[in-house]
Amino acid sequence: MSGTTATRTLTYREALREGLRDALRADERVFLMGEDVGAYGGSFGVSRDLLGEFGPERIRDTPLSESAFTGAGIGAALGGMRPIVEVMTVNFSLLALDQIVNNAAAIAHMSGGQFAVPLVVRMTTGAGRQLAAQHSHSLEGWYAHVPGLKVLAPGTLEDARGMLAPALADPNPVLIFEHGSLYGLEGSLTDPPAEVALTGAAIRRPGSDVTLVAYGGSLPKALDAAETLAADRIDAEVLDLRALRPLDDAAVLASVARTHRVVVVDEAWRTGSFAAEVVALVAERALYELDAPPERVCSVEVPIPYAKHLEDAALPSAERIAAAARRTVGR
Amino acid sequence: MSAVAVEREHALHLLREMTRIRRFEEACVQLYSATKIRGFLHLYIGEEAVGVGAMQALGPEDAVVATYREHGHALVRGVPARALMAEMLGRVEGCCRGRGGSMHIFDAARRFYGGNAIVGGGLPLAVGLALADKLAGRHERVTACFFGEGAMAEGEFHESINLAALWQLPVLFLCENNRYAMGTALERSESETDLSLKAASYEVPAWPVDGMDVLAVEQAVRRAAAMVRGGEGPVFLELRTYRFRAHSMYDPDLYRSKEEIARWRERDPLTTFPELLRSQELLDDAALSGIEDEVAAEVADAIAFADAGTPEPVEELEWFVTMDEVPAA
Numbered sequence: 001m002s003g004t005t006a007t008r009t010l011t012y013r014e015a016l017r018e019g020l021r022d023a024l025r026a027d028e029r030v031f032l033m034g035e036d037v038g039a040y041g042g043s044f045g046v047s048r049d050l051l052g053e054f055g056p057e058r059i060r061d062t063p064l065s066e067s068a069f070t071g072a073g074i075g076a077a078l079g080g081m082r083p084i085v086e087v088m089t090v091n092f093s094l095l096a097l098d099q100i101v102n103n104a105a106a107i108a109h110m111s112g113g114q115f116a117v118p119l120v121v122r123m124t125t126g127a128g129r130q131l132a133a134q135h136s137h138s139l140e141g142w143y144a145h146v147p148g149l150k151v152l153a154p155g156t157l158e159d160a161r162g163m164l165a166p167a168l169a170d171p172n173p174v175l176i177f178e179h180g181s182l183y184g185l186e187g188s189l190t191d192p193p194a195e196v197a198l199t200g201a202a203i204r205r206p207g208s209d210v211t212l213v214a215y216g217g218s219l220p221k222a223l224d225a226a227e228t229l230a231a232d233r234i235d236a237e238v239l240d241l242r243a244l245r246p247l248d249d250a251a252v253l254a255s256v257a258r259t260h261r262v263v264v265v266d267e268a269w270r271t272g273s274f275a276a277e278v279v280a281l282v283a284e285r286a287l288y289e290l291d292a293p294p295e296r297v298c299s300v301e302v303p304i305p306y307a308k309h310l311e312d313a314a315l316p317s318a319e320r321i322a323a324a325a326r327r328t329v330g331r
Numbered sequence: 332m333s334a335v336a337v338e339r340e341h342a343l344h345l346l347r348e349m350t351r352i353r354r355f356e357e358a359c360v361q362l363y364s365a366t367k368i369r370g371f372l373h374l375y376i377g378e379e380a381v382g383v384g385a386m387q388a389l390g391p392e393d394a395v396v397a398t399y400r401e402h403g404h405a406l407v408r409g410v411p412a413r414a415l416m417a418e419m420l421g422r423v424e425g426c427c428r429g430r431g432g433s434m435h436i437f438d439a440a441r442r443f444y445g446g447n448a449i450v451g452g453g454l455p456l457a458v459g460l461a462l463a464d465k466l467a468g469r470h471e472r473v474t475a476c477f478f479g480e481g482a483m484a485e486g487e488f489h490e491s492i493n494l495a496a497l498w499q500l501p502v503l504f505l506c507e508n509n510r511y512a513m514g515t516a517l518e519r520s521e522s523e524t525d526l527s528l529k530a531a532s533y534e535v536p537a538w539p540v541d542g543m544d545v546l547a548v549e550q551a552v553r554r555a556a557a558m559v560r561g562g563e564g565p566v567f568l569e570l571r572t573y574r575f576r577a578h579s580m581y582d583p584d585l586y587r588s589k590e591e592i593a594r595w596r597e598r599d600p601l602t603t604f605p606e607l608l609r610s611q612e613l614l615d616d617a618a619l620s621g622i623e624d625e626v627a628a629e630v631a632d633a634i635a636f637a638d639a640g641t642p643e644p645v646e647e648l649e650w651f652v653t654m655d656e657v658p659a660a
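Residue numbers (this note's numbering), protein chains in the order written: chain F, 1 to 331; chain X, 332 to 660.
In case anyone wonders, no lab produced these hints; they're calculated from the structure. Backbone N, C-alpha and C fix where the C-beta goes; we use that ideal spot for every residue, glycine too. Please note that a few of the clues may not be correct.
What the hints assert, rightly or not - Examples of chain X residues lying across from chain F (beta carbon under 8 Å, computed):
1. Y444
2. L456
3. L460
4. A467
5. W650
6. T653
7. D655
8. E656
Claimed, not checked - Derived pair list, reagent style SDA-like, types lysine to any residue, alpha-carbon separation capped at 20 Å:
9. K465(X) / D61(F)
10. K589(X) / T515(X)
11. K465(X) / P63(F)
12. K367(X) / K589(X)
Turn these sequences into a full structure, and let the hints steer you where they fit.
Written out as C-alpha cells, the structure reads:
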C-alpha cells in the first residue's frame, strides 16, 4: 500500500474511531475507559465496534464515577500504561476537576520531575443541540488556564483522525475536546491518513483583510462567515488554533501582522474567556499592527437555554462572525 | 497490650522506626518555630504504630499512596531522612527539589506516589496504579492507599472502593481513623460511624484494628496484603488511632478536651510498646538509649544536610511543568 494515496469520505466520528483503533492496535499499553464506551458503543458512537475487537479489559466500561475513573487513568499512567479516558462530556468533567487539576496537571512539578502523567482525556464540548444549560458548556478555556495540561480542540477530520497518536506519545496529560456538533461532519481523508502535529495553529483559509481566529466547533462557522465575507469582497483569513494550551502565539501574531484586523470566535462566555486571552496577546504584542479594535464573538452570558430560537441567539453564528468582521473593516 | 508474639530483633526494628518518626517530627516542630519550615505542617505524632506496622507488610515492588500527613510513611518506606528534611526546608536536595514540601512527598525509586493534600484525592490514583498492575499482569503487587476517616465522607472514597471491588483490583485501603477531620469529630461527620461496615457494603472484606498497637497493625495488614496478593480483590482496614498534636501548626485545638487527649496519650505507642518489650525482657535501658542515640544522630544529620542545602535557582522555576519524556521507572 505504501506509496499509494487515495481519498475517501467519512465522518468526524468515524475519523475519531479510526484514530482510536490504530492506537489500540499499535500499543498494548493503550486502553480506553469511560462511561458507556463498551457495550453501548460510546455515548456519541465514537467507540462503536471497538469492544468486539479489543475486549472488555481494553474497552472498559466504568460506573458513573468521573473522579474515580479519571484519577484511575492518572494512576494507570503513573503505573506505565497509556490510558485514554473518555469523560462523556465536559459538563461531567466538573466531577473530575480535582483529579485533572490537582493531580494530572501538578504531579510532574510537585514531584520535582520524578513522574510524568502520559494520559489522554477525551470529552465532548459545546452547545447547539438543544441540550439546555447543564449539557451545553464550553469549558475548555478553564482547562487551558492550568499549567501542566495540554488542551486540544480538533476542528477538522484530519485532526480528529490524527491528534490521538501524538497525544498518546506525549508524556503529559492531554485533554481533547470534541465539539458535539462536529461528530456528523463529513469530509474526506487521504489513505493512508496524514500525520498531524500535536499543537500549533493552522491557516484553514488564507486571506488578507481580517483574521478570524477559531477552534473546534466554531471553525466551520468561521469558514462559513469567510465565504459570506468573500461575496462582499472582504478577504478573511481563518486561523484554526487547534490547541489552546500551548497556544501558538506566533501564528496568531503573524496572521494579525498580515491582516491588521482580528475577530476571535469562542463559544464560551465572554467574561474570562479564552477569546480574552487571544485578544490580550494581540494587545500586548501586536497593538500597533491593528487598524481596528479587536472583536470577540462569544456566547451571550446566559445559561444556554433549551428553546431553539433562544439557543441560536445565545451562540456565535456565521452571521455574528461576519458582522464583527465587517465592523473591523468599516463596512 | 498486644497479644501478638514478636522476635526481639523485629521488635527493636519496629520501635526504632516509630522513634524515627517521632523524633523527626519533633525536630520539624522546632524548625517550624525557627521559621525554617513554613506552610502547612501536619504531624503524625501519636499515629506512628499505624504507618510502621502497615509498612512491614509491603515490599519494594508494592506502591504506596499517602496523604498530607505522610512524613512517617515516607521515612518508613525508605525515603532518606536527609532528602525528606531538605524537602521540608525547600531545598533542591529535597526529594522533590523543594517543589512539593511537607504535603507532597514523592519518591519514584520507592514507589511512593505522594503526598496528596486534597482529602480523598489519592484514592483514585491507587485504583489506577492497581489497574495498571492488573492489566500488565504484575499479579504479585499491592497498592497500599492510606487515607483518613475524613476521606470517607468524600465521594472519591465511595467511587474508588466501588471501582476497586467491581474490577477486583489489588488495593489495600488503609483508613487511619484518628477521629477528627481537622476539627470535626467522626460522630459529627458520619451517619454511620462503623467505618468497616461502610466498606463492607461494597463487598470488600473489612475490619477494625487497634491502631495504637504496632504488632496488631502489622499482623492485620500482613493478613490483608496476603488476601490482596492472592487475587481476592481489595481489602479495607480501619486503623483506630489518635493524633496527639493539633491538625496543623495553625490549629488552636479547641474542639477536643485535654482529658480526651490525655486518655489517648496513655496509649502512646512510644510508651506502651517499650513497656511491653521490657515486660517480655526484649528491651533494656541500654537497647532503648541505643535506639534513641541512633535516631538522634540520624535526625541531626538530616537537619545539618538540609540546612547546608541550596535553594534551586529561580531560573529553573518553570522546570517540570510539562515533561519532555516519561522518566524511566
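Evaluated hints:
Using the Cβ-Cβ criterion of 8 Å, the hint placing Y444(X) at the interface with chain F is satisfied: the shortest such distance is roughly 6 Å. With a cut of 8 Å, the hint placing L456(X) at the interface with chain F holds, because the nearest CB-to-CB distance is about 4 Å. Using the Cβ-Cβ criterion of 8 Å, the hint placing L460(X) at the interface with chain F is satisfied: the shortest such distance is roughly 4 Å. Because the smallest distance between the Cβ of A467(X) and any Cβ of chain F comes to about 7 Å, under 8 Å, the interface hint for this residue holds.
Checking W650(X) against chain F by beta carbon gives a least distance of about 7 Å; that is within 8 Å, so the hint holds. Contact between T653(X) and chain F, as hinted, is supported at the beta carbon level, the nearest pair being about 5 Å apart and thus within 8 Å. Contact between D655(X) and chain F, as hinted, is supported at the beta carbon level, the nearest pair being about 7 Å apart and thus within 8 Å. A hinted interface residue such as E656(X) counts as satisfied when its beta carbon comes closer than 8 Å to some beta carbon of chain F; here the least separation is about 5 Å, so the hint holds.
The straight-line distance between the Cα atoms of K465(X) and D61(F) is roughly 16 Å, inside the 20 Å bound, and the hint therefore holds. The hinted pair formed by K589(X) and T515(X) meets the criterion: a straight-line CA distance of about 16 Å does not exceed 20 Å. At most 20 Å may separate the alpha-carbon atoms for a hinted pair to count; K465(X) and P63(F) meet this at roughly 19 Å. Of the pairs offered as hints, the one joining K367(X) and K589(X) is violated, with about 29 Å between alpha carbons and a cut-off of 20 Å exceeded.
Violated hint for the displayed structure: number 12, the only one.
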